[in-house]
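Work the whole structure out from these sequences, hints included.
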Amino acid sequence: MATIQVQRKQLNFWERIYLPEIFRGLAITSGHFFRNLLFHGLRAFGLKQFRGAVTIQYPEEQRPLPLRSRTRHRLTQREDGSPRCVACMMCETVCPALCIYIVAKEVPDPDIEKAPASFDIDLGKCVYCGFCVEACPEDAIRMDTQILDIASYSREGMMYSMDDLLHPEKHANRILVDPKRP
Amino acid sequence: MDFFPAALQLTAIFIFLTGVLSLAGLLTWVERKQSAVMQDRIGANRARVFGLRLFGLFHILADALKMLTKENFIPKNADKFLYQIAPVISIFFALIAFAAIPFGDVLQIGGYQIPLQGLDINVGLLYIFSMLSIGVYGVILAGFSSQSNYSFLGGLRASSQLISYEIAIGSSIIGLVMIYGTLNLNEMVRVQGRYFWGWLPAWGIVVQPAAFFLFLTAAIAETKRIPFDLPEGESEIVGYFLEYSGMRFGLFFLTDFLETILVAMLAATLFFGGWQVPGLAGDGFHFANAAWPLPSIAVTLLGVASFACKTVFFCWFLMTIRWTLPRFRYDQLMRLGWTMLFPLAMANIVVTGGVMLLLNR
Ligand code: SF4
Ligand code: SF4
Chain A
14 MATIQVQRKQ LNFWERIYLP EIFRGLAITS GHFFRNLLFH GLRAFGLKQF
64 RGAVTIQYPE EQRPLPLRSR TRHRLTQRED GSPRCVACMM CETVCPALCI
114 YIVAKEVPDP DIEKAPASFD IDLGKCVYCG FCVEACPEDA IRMDTQILDI
164 ASYSREGMMY SMDDLLHPEK HANRILVDPK RP
Chain B
218 MDFFPAALQL TAIFIFLTGV LSLAGLLTWV ERKQSAVMQD RIGANRARVF
268 GLRLFGLFHI LADALKMLTK ENFIPKNADK FLYQIAPVIS IFFALIAFAA
318 IPFGDVLQIG GYQIPLQGLD INVGLLYIFS MLSIGVYGVI LAGFSSQSNY
368 SFLGGLRASS QLISYEIAIG SSIIGLVMIY GTLNLNEMVR VQGRYFWGWL
418 PAWGIVVQPA AFFLFLTAAI AETKRIPFDL PEGESEIVGY FLEYSGMRFG
468 LFFLTDFLET ILVAMLAATL FFGGWQVPGL AGDGFHFANA AWPLPSIAVT
518 LLGVASFACK TVFFCWFLMT IRWTLPRFRY DQLMRLGWTM LFPLAMANIV
568 VTGGVMLLLN R
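Going line by line, the protein sequences match chains A and B. First residue of the first sequence? That's 14 in our numbering, and the numbers climb one at a time after it. First residue of the second sequence? That's 218 in our numbering, and the numbers climb one at a time after it.
Honestly, the hints are just simulated from the structure, not real lab data. The reader is advised that the hints may include incorrect statements.
No farther apart than 25 Å at their CA atoms in a straight line, the calculated lysine to any residue pairs in the SDA-like style are these [claimed, not checked]:
#, chain 1, residue 1, chain 2, residue 2
1, A, Lys61, B, Ser252
2, B, Lys250, A, Glu126
3, B, Lys250, A, Lys22
4, B, Lys250, A, Phe36
5, B, Lys283, A, Pro72
Structure, rendered in structure tokens:
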């Protein structure tokens, strides 16, 4: 078996007596300290181009997500507001977490034939794999709401009904994508 | 003793102690905010009172409230008495050590002489170090009485670390004591009011620069904070106060900050001229060819302000060190204490003695 000899860097005298290195470290950290303090000060006086911190203050400020990131599900709608879903059960079948529950019903329109009577997703079980979106032949389910703050005090609260899925803004603190967008 | 000067001195001491305790509280905020600013973060800023955030200053109150309302847990097999008394010992001896710190020159008001110092004893320095040493009992007892292996390990580490560094801290300042010729802290500060070549203040840092670094290193170890926080060791053994919760833990927490302030004040007193202001004599400022006379009371108050500034500076400096260096390993810690600090301190004593002999005092 091949072995790799790792050459550990030998500390020289000045590094071994700590003090010069400690001063170097202190220079770096206090450099940051005074620079950031100055920037915070300038910002407080209205010069907004200076930032003393890289913090994003989460609930108020949010980081823009890449458009293809998988976020909370939504069901797309037809022009009349009814779901595009034709209850083909593809997503329910492909879902590795078995968290999609669809009950189908008949629709008189011969072009559609079927539609979901109820469509529930248990987001407490969902693993955000996106397979449901891939499987859907009708582009009826998407994961592009950009909603990440999905939380609840109970398991039941993680069940999202068809109504919630058709109107993601109902349970959301924010919505970046228009649910009516085709 | 007259009533008036006694009352005045009591007031001064009261103000000083209030200042120390508020500074200790403030340091909890400073620690968070300073570390945040050093690391390009913002830091705790969520506590709000009536929509006011004040840079997170309310976190001090929030912390105190949290500590006071949390359950005061006592482990089932713990030694109840020792367990409850340990944090009190810890904070009590940290607090009374402040009594010997001279925070200003003697205040002259209407013919009265009011010393700005709680306890003007001629062994002030020894007194402070002995109080610090007794304070270690709090830590050891806490680790011992909790009946928890991890607390016990923390207590063991604390006792060996603190005893080792006490020796280093004690021997590092002997050179200073030899030069100043006194153990009285106020006398020490007065001696530092002299000048070399008429402009360089004869502060401890000038006459004993090596001792300053030895003292500071050993003193940081005494405060049990990073890089010497092995007794607490938050990431592995969780330290001697593992079983403590609520305000008893709060007392240990506060003790750390009080000791930080004490070390800052000691460093200022011993090495940076205490309440001395460069160029300021008893009757006003004196520069090379200019003078600006001031009344004696203004001089004293300027001295107090200078002492406060030095203390705050050293608190900042200790915080910077705490947020810059990683922690020592235990064997490195012991090696640093016994094979570096202690022999260097001894060498410092010998060299100081030799130089003093050569210069013939
Ligand atoms: S993202 Fe994956 S786990 Fe979640 S519902 Fe769709 S298929 Fe199921
Ligand atoms: S795959 Fe699409 S159309 Fe089929 S049931 Fe799921 S959401 Fe409806």
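Quick rundown of the hints versus the structure:
1. A/Lys61 x B/Ser252: holds (23 Å)
2. B/Lys250 x A/Glu126: violated (63 Å)
3. B/Lys250 x A/Lys22: Answer violated: B/Lys250 to A/Lys22 is near 35 Å, above 25 Å.
4. B/Lys250 x A/Phe36: Answer holds: B/Lys250 to A/Phe36 is near 22 Å, not above 25 Å.
5. B/Lys283 x A/Pro72: holds (24 Å)
Going down the numbered hints, you'll see the structure goes against 2 and 3, while the others check out.
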